[in-house]
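Whole structure, please, built from the sequences with the hints as guidance.
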Amino acid sequence: MVDNKIEALYFDGGTGMHYFTGIRWGRSERMMAAIIPARGEVKYVSPAFEAERVKELMTIGSDIRVWEEHESPYKQVALTFKDMGIKTGNIG
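Residue numbering for the sequence shown follows my numbering, starting at 1 and increasing by one per position.
Keep in mind the hints are simulated off the structure, nothing from the lab.
Straight-line distance between alpha carbons at most 30 Å, and here's what the computed DSS-like set of lysine-lysine pairs gives:
hint, residue 1, residue 2
1, K82, K55
2, K87, K55
3, K5, K75
Restraint-style ranges between C-beta atoms, simulated for each label pair:
hint, residue 1, residue 2, range
4, D3, G26, 31 to 37 Å
5, L79, F20, 18 to 24 Å
6, G40, H70, 27 to 33 Å
Each residue gets a CB set at the ideal place from its N, CA and C atoms; glycine is no exception.
Laid out in structure tokens, this is it:
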């Protein structure tokens, strides 16, 4: 990723998330994502009510960011990138 100037990989539920994190998570109307940075640990963005389930399924990383039903999950994704120090660059 570093050689190709990719700051992070973003995965929502599906085969990509399973391959890179070991978590089997189907796609649904409620976004659950894994963010794998070029440097640092994977972070997850999950609906708040699913956080315990995500913890049970995690094999790598330990950071879960949650969003409530009245919040935008994509705002939480943006905040997660910001917390990781990723403000510009390429996301795969």
